[in-house]
Amino acid sequence: QLQLQESGPGLVNPSEILSLTCTVSGGSLSSSRSYGGWIRQPPGKGLEWIGSIHYSGITYYHPPLKSRVTISLDTSKNRFSLNLTSVTAADTAVYYCATHKRFTPNFDYWGQGTLVTVSS
Amino acid sequence: QSALTQPASVSGSPGQSITISCTGTSSDVGGYDYVSWYQHHPGKVPKLIIYDVSNRPSGVSNRFSGSKSGNTASLTISGLQAEDEADYYCTSYSTSVILSTLGLFGGGTKLTVL
Chain F
1 QLQLQESGPG LVNPSEILSL TCTVSGGSLS SSRSYGGWIR QPPGKGLEWI
51 GSIHYSGITY YHPPLKSRVT ISLDTSKNRF SLNLTSVTAA DTAVYYCATH
101 KRFTPNFDYW GQGTLVTVSS
Chain P
1 QSALTQPASV SGSPGQSITI SCTGTSSDVG GYDYVSWYQH HPGKVPKLII
51 YDVSNRPSGV SNRFSGSKSG NTASLTISGL QAEDEADYYC TSYSTSVILS
101 TLGLFGGGTK LTVL
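In the order they appear, the protein sequences are chains F and P. Under the numbering used here, the first residue of the first sequence is numbered 1, with each subsequent residue one higher. Under the numbering used here, the first residue of the second sequence is numbered 1, with each subsequent residue one higher.
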């Protein structure tokens, strides 16, 4: 069973880059033939898929965020990362990493989530 | 405004059944059997309870069931229990011209167990 853990700064300045890492344990994206995805939830609002990376390295992004998002994979360290550029207060949210086995929104394993606040 | 429409809230008494709807279009809910439902207790991690419209992951109670008719998917919870009180989100694969995406979420429904 996979375990996921997000890490990264809890506070980011407006216009800067939000960077988070998801470390996978109990297996790997490759061994489980999975995608690693990022989902966020702004305070008081619903869930939003940000993007996913296949264990082969192919990436998929939610169109409204595509111009600002990069997801990368570090197989040697068993982790994948999220970079979100030009952040504003609207990007303040709890960010979750999760895995899914097919190109469908079936997110089976989740990290605990990390709150990122965009503020100066 | 979310692309998938869910009621903001539903309520029911212990032991009763409730149904939460999730309405989309023929480019998402109606066009594919890739609707999932998540249970989210505030402060906790979302939990997948239904995938591919009507399938339950291992370990999920059979009190949860999913279905779809046309462009509307539904989640039914039978034999309501206090622990079912949570937010519920639907999501669907979408290939609409406006928003082609892996995961189009609904706005969420708050279930209150009276």
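Possibly wrong hints are sitting among the right ones.
If you want the footprint, here are the derived chain F segments under chain P, 3+ residues with CB under 8 Å [to be verified]:
1) 12-18
2) 46-58
3) 69-75
4) 108-114
Keep in mind the hints are simulated off the structure, nothing from the lab. Glycine included, every Cβ here is placed at the ideal spot set by N, Cα and C.
Right, here's what the structure says about each hint:
1. Given as covered by chain P, the segment 12-18 of chain F fails the check, having 0 residues with a CB less than 8 Å from a CB of that chain where 3 are the minimum.
2. Coverage of the segment 46-58 of chain F by chain P holds. Counting CB-CB distances below 8 Å, 5 residues qualify, and the rule asks for three or more.
3. Proximity of the segment 69-75 of chain F to chain P, defined as three or more residues with a beta carbon under 8 Å from a beta carbon of that chain, is not established by the 0 residues found.
4. Remark: the segment 108-114 of chain F is confirmed as covered by chain P, as 5 of its residues place a Cβ nearer than 8 Å to a Cβ of that chain, reaching the required three.
Taken one by one, the earlier hints fail for this structure at numbers 1, 3, listed in ascending order.
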